[in-house]
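The listed protein sequences derive, respectively, from chains A and B. What the first sequence shows, in our numbering, is residues 1 to 599, in sequence order. What the second sequence shows, in our numbering, is residues 1 to 350, in sequence order.
The hints are simulated quantities; they were obtained by calculation from the structure and are not laboratory data. Computed from a predicted model, the values in this text were never measured in an experiment.
Calculated lysine to any residue pairs in the SDA-like style (CA-CA distance at most 20 Å, straight line):
| # | chain 1 | residue 1 | chain 2 | residue 2 |
| --- | --- | --- | --- | --- |
| 1 | B | Lys15 | A | Glu75 |
| 2 | B | Lys242 | A | Ala531 |
| 3 | A | Lys142 | A | Asp183 |
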Amino acid sequence: MKPTDLSSPSYFHKVVDCQWACPAHTPVPEYIRLISAGRYTDAYMVNWESNVFPGILGRTCDRPCEPACRRGRVEDEPVAICRLKRVAADNKDDVLARLTPIPAQKNGKRVALIGAGPSSLTVARDLAPLGYDVHVFDAEAKGGGFMWSQIPRFRLPESVIDEEVGYITNRGGVTTHYNTRIDSLKGLLAEGYDAVFVGCGAPRGRELDVPGAQEAAANIHLGIDWLASVSFEHTTSIGKRVIVLGGGNTAMDCCRSARRLGGEQVSVVVRSGFEEMKASPWEKEDAMHEGIPILNFLVPKQVLHTAGRLTGMVFEKVKAEYDDKGRRKLVPSGEPDVTIECDDVLVAIGQENAFPWIERDIGLEFDRWGLPKLNETTLQSTVPNVFFGGDAAFGPKNIIWAVAHGHEAAVSIDKFCQGQDVTERPDPLVKMASQKMGIHEWSYDNDVSIDLRFKVPHADPSESLRSIKAEVELGYDRELAFKEAQRCLNCDVQTVFAANLCIECDGCVDICPTDSITFTPNEEEDALRTALKAPAINKHQALYVADGLKTGRVMVKDEDVCLHCGLCAERCPTGAWDMQKFFLETAKTTNGAQACLSR
Amino acid sequence: MSYLKPALKHPGLPKNKLGFTRRDYEGSISTLCAGCGHDSISASIIQSVWELGIEPHRVAKVSGIGCSSKTPDYFLSASHGFNSVHGRMPSVLTGANLANRELIYLGVSGDGDSASIGIGQFAHLMRRGVNMTYIVENNGVYGLTKGQFSATSDKGSKAKKGAINTDEPIDLVAMALQLGATYVGRSFSGDKTQLVPLIMGALSHQGVALIDCISPCVAFNNHEGSTKSYDYVREHNESVNKLDVILGRAPITAEYAPGEVTEVAQHDGSVLRLRKLHEDYDPTDRVAAMNYLARHKAMGEIVTGLLFVDPDPEDLHASLGTVATPLNQLNDDVLVPGAAALEKLNAALR
Ligand SMILES: Cc1cc2nc3c(=O)[nH]c(=O)nc-3n(C[C@H](O)[C@H](O)[C@H](O)COP(=O)(O)OP(=O)(O)OC[C@H]3O[C@@H](n4cnc5c(N)ncnc54)[C@H](O)[C@@H]3O)c2cc1C
Ligand SMILES: Cc1ncc(C[n+]2csc(CCOP(=O)(O)OP(=O)(O)O)c2C)c(N)n1
Ligand code: SF4
Ligand code: SF4
Ligand code: SF4
Ligand SMILES: [Mg+2]
Numbered sequence: 001m002k003p004t005d006l007s008s009p010s011y012f013h014k015v016v017d018c019q020w021a022c023p024a025h026t027p028v029p030e031y032i033r034l035i036s037a038g039r040y041t042d043a044y045m046v047n048w049e050s051n052v053f054p055g056i057l058g059r060t061c062d063r064p065c066e067p068a069c070r071r072g073r074v075e076d077e078p079v080a081i082c083r084l085k086r087v088a089a090d091n092k093d094d095v096l097a098r099l100t101p102i103p104a105q106k107n108g109k110r111v112a113l114i115g116a117g118p119s120s121l122t123v124a125r126d127l128a129p130l131g132y133d134v135h136v137f138d139a140e141a142k143g144g145g146f147m148w149s150q151i152p153r154f155r156l157p158e159s160v161i162d163e164e165v166g167y168i169t170n171r172g173g174v175t176t177h178y179n180t181r182i183d184s185l186k187g188l189l190a191e192g193y194d195a196v197f198v199g200c201g202a203p204r205g206r207e208l209d210v211p212g213a214q215e216a217a218a219n220i221h222l223g224i225d226w227l228a229s230v231s232f233e234h235t236t237s238i239g240k241r242v243i244v245l246g247g248g249n250t251a252m253d254c255c256r257s258a259r260r261l262g263g264e265q266v267s268v269v270v271r272s273g274f275e276e277m278k279a280s281p282w283e284k285e286d287a288m289h290e291g292i293p294i295l296n297f298l299v300p301k302q303v304l305h306t307a308g309r310l311t312g313m314v315f316e317k318v319k320a321e322y323d324d325k326g327r328r329k330l331v332p333s334g335e336p337d338v339t340i341e342c343d344d345v346l347v348a349i350g351q352e353n354a355f356p357w358i359e360r361d362i363g364l365e366f367d368r369w370g371l372p373k374l375n376e377t378t379l380q381s382t383v384p385n386v387f388f389g390g391d392a393a394f395g396p397k398n399i400i401w402a403v404a405h406g407h408e409a410a411v412s413i414d415k416f417c418q419g420q421d422v423t424e425r426p427d428p429l430v431k432m433a434s435q436k437m438g439i440h441e442w443s444y445d446n447d448v449s450i451d452l453r454f455k456v457p458h459a460d461p462s463e464s465l466r467s468i469k470a471e472v473e474l475g476y477d478r479e480l481a482f483k484e485a486q487r488c489l490n491c492d493v494q495t496v497f498a499a500n501l502c503i504e505c506d507g508c509v510d511i512c513p514t515d516s517i518t519f520t521p522n523e524e525e526d527a528l529r530t531a532l533k534a535p536a537i538n539k540h541q542a543l544y545v546a547d548g549l550k551t552g553r554v555m556v557k558d559e560d561v562c563l564h565c566g567l568c569a570e571r572c573p574t575g576a577w578d579m580q581k582f583f584l585e586t587a588k589t590t591n592g593a594q595a596c597l598s599r
Numbered sequence: 001m002s003y004l005k006p007a008l009k010h011p012g013l014p015k016n017k018l019g020f021t022r023r024d025y026e027g028s029i030s031t032l033c034a035g036c037g038h039d040s041i042s043a044s045i046i047q048s049v050w051e052l053g054i055e056p057h058r059v060a061k062v063s064g065i066g067c068s069s070k071t072p073d074y075f076l077s078a079s080h081g082f083n084s085v086h087g088r089m090p091s092v093l094t095g096a097n098l099a100n101r102e103l104i105y106l107g108v109s110g111d112g113d114s115a116s117i118g119i120g121q122f123a124h125l126m127r128r129g130v131n132m133t134y135i136v137e138n139n140g141v142y143g144l145t146k147g148q149f150s151a152t153s154d155k156g157s158k159a160k161k162g163a164i165n166t167d168e169p170i171d172l173v174a175m176a177l178q179l180g181a182t183y184v185g186r187s188f189s190g191d192k193t194q195l196v197p198l199i200m201g202a203l204s205h206q207g208v209a210l211i212d213c214i215s216p217c218v219a220f221n222n223h224e225g226s227t228k229s230y231d232y233v234r235e236h237n238e239s240v241n242k243l244d245v246i247l248g249r250a251p252i253t254a255e256y257a258p259g260e261v262t263e264v265a266q267h268d269g270s271v272l273r274l275r276k277l278h279e280d281y282d283p284t285d286r287v288a289a290m291n292y293l294a295r296h297k298a299m300g301e302i303v304t305g306l307l308f309v310d311p312d313p314e315d316l317h318a319s320l321g322t323v324a325t326p327l328n329q330l331n332d333d334v335l336v337p338g339a340a341a342l343e344k345l346n347a348a349l350r
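Bound conformation, chain A alone:
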């Protein structure tokens, strides 16, 4: 194998599994250490810099970081990365003075952002500090987009949204135009904005199309419309018996909301198997914990009604069959149909993009799925000064992706407005710093906790089911947060090897608790992976290969389950191993504007 090229920041970035998996590349271990140190405000700022909504995301993020977390590969569960973020938000001091300042002097450029969801708000946050005159339009009465209109209050209190949206919209540079629907992109472009960002989300719910649905329409509600109406407090009750159709997170929010608005027998019905449901495991758990059964392999067949009133639904029982290519097909199981009586049906079977307000004759091209044609990196559309992001760009995703798009779009818009090449992307900010303080002393806490994941305290269901606004999760207190934070392995503290110093004493090999280091004759990667002290079967994880040793062998370190404990460096007589903290901040318009606080 070729020796590892350490000059590219992506090598060490990939080792920090959580940060690599996070669409916004939040420096996770950095903020987790700050939480351990009780520096909640600093931890909040590290988050705010990269993901803009720490309080919101600390309660609602889809957390792609957690399945990626290294801890999950050496024991049962990953670090509770997401809920630790909330701890930073819950315990911080006033941060206003530390937010990127908005200059009084404007740069003469005006940009319009359509929608006040997380993608647009991120663009606003990144552009206002550069002197842009930012205008945000939303059809609704407040900012936050779906975070405000869709996510139920028992998961995300309104005050948290208001606070974090306020950090963007209330500090100057950003003018909000709420209750203002944009009906024509052509018209908006004619107003002479230097650039337009479309962050209008994917606002249309897919309808139920089975016999009887028309007739019983009064009690069949589109999930996302119904949730919005609940959020706006237009809807305050529902029938006692409710069926929720669909297996995604929207369905989970619908059923749990229904339980709080008077639904006594609420069940979720999904076409697929329980395992394949789109909803996150923890959302399913929370729903079942509230007494909501999830019935699987049932396909809607008919809506039952008498005298124009919904009475129930009939489902066909199916089973999964797989063809040679492993593709799944749902086929009738032959069992009798299942009838479930109900008073209301909530339909959460999918969400679509819709751009009725974008004229098709302005040069903005769409693909065959009705999505705008975009450059995937710059998010620029076929109209050069129109950019997209969030759910509007590539279909429904989640908040953290919307934020990541927002940062990229802001970079593009800035470059575009400054007359620069939009495709030339700036480099991330990267730093490496040795953690060595003495012979065996490190400036990070290298002890490895063996505690299992701590559960986040929940309110008693009998309490929380009483009100749609009562927050179910109470969050970690400081003591639990400290213990959970200790589970983080500090994967950003990298093992860096200097072959010229190594005397091949095997000290590091012998001490490594996870058998990650081997000195061996060099071979091709596949052969090497099986020749190591412990097999390196996880091919998603790199082998760190270094040559230049006296015996002609190579040092091979399997990054997969390294605990970043620093024992290799402690046992090395010559300092050939060093523990160096890798810090990476993705390129943003605001890089450098904020003093690096915590490093």
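Fit chain B with the ligands to the known structure of chain A by using the hints.
Leaving out everything else, chain B with the ligands in the frame of chain A:
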């Protein structure tokens, strides 16, 4: 400074026939200098006992005094252990072995512990053929007392501060051969592929087995001019054979030229499969081995490998005709047969 090795381990670690991973055979974290060869020997012992599938409680580790003699704390924490006095491991171990022959005895010592203060004890243990594995972690110095030359230090070898050793060295391998040891090997802490099978073979050998393992002292004897440094040993290491210890009857899978492979069946059922690296080396001929070693030593080579093995060893119990049952399993009436029995014995000797 870390005092504990994290309990988390590689999820893909193989298990031995008892269901244990290598990590179940560890001890506490080493307090020796970082880079000490002794730590690699500890790791090799762990690997060997794990591979042999020995229950840790069946092993008794006995040592003397020195950095090397401290190491039994760093492996097999579930085994029996006795850290004795300087140079006295052989007598303590001999006593233990006589009292209970069912344990597997592992003596760990240093070159000072064995060749300086303990040379007498070393010699007599070898002569008597105590069934044990004797590992000398040989660094040429008294590591624990800060690097004085030991009795295995080569003549002309230079100390860290520049002093030259003027005394002839004791070659423990040559002595063991001369004194009748039935399994004799030499190895290097920096070569686990050689050392691990040697230890495995020694542990399964039913007689006295000596392994002289050169083990660089990074603090006091790893400099230019030392003959026990990593660099010097790597440059002068001449391995005469390559050993595989076959447990259960595994067929030969690789193709070997005739005469290239020798197999030695041991009494416990294991087979020592030796592949020749030096054509004229025969590890079953004691006198030839002694000659070979003397010749090659004069050429400046450090000869390593399994240097001698007697497939039919006899041990001290056999020559003394002792009772097979461990003394702690015998009742008082057997252990103290009384005045009449003593009288009878005395009469027989008159
Ligand atoms: C029920 C539900 C629960 C969810 N829960 C989570 C969760 O827990 N975690 C998570 O990460 N994601 C969740 N999501 C997804 C997440 O809300 C979205 O992916 C995210 O909000 C998309 O952000 P966005 O910037 O694209 O815009 P959106 O948040 O979708 O906001 C778009 C805004 O644009 C406005 N708008 C649209 N068209 C126009 C127009 N023509 N003129 C003016 N304004 C307009 C809309 O009123 C809306 O406020 C959930 C989604 C739903 C439906
Ligand atoms: C009776 C007695 N004499 C002297 C000492 C001092 N002493 C302690 S360790 C040691 C030498 C150990 O050398 P070696 O056996 O080679 O072990 P190493 O530390 O080199 O591994 C000596 C002389 C002692 N502990 N007891
Ligand atoms: S252990 Fe910590 S640094 Fe490593 S992937 Fe998990 S959260 Fe990230
Ligand atoms: S930091 Fe070093 S000793 Fe610790 S697990 Fe990683 S490679 Fe092994
Ligand atoms: S401990 Fe240091 S000198 Fe020894 S093998 Fe490892 S890197 Fe090389
Ligand atoms: Mg010594």
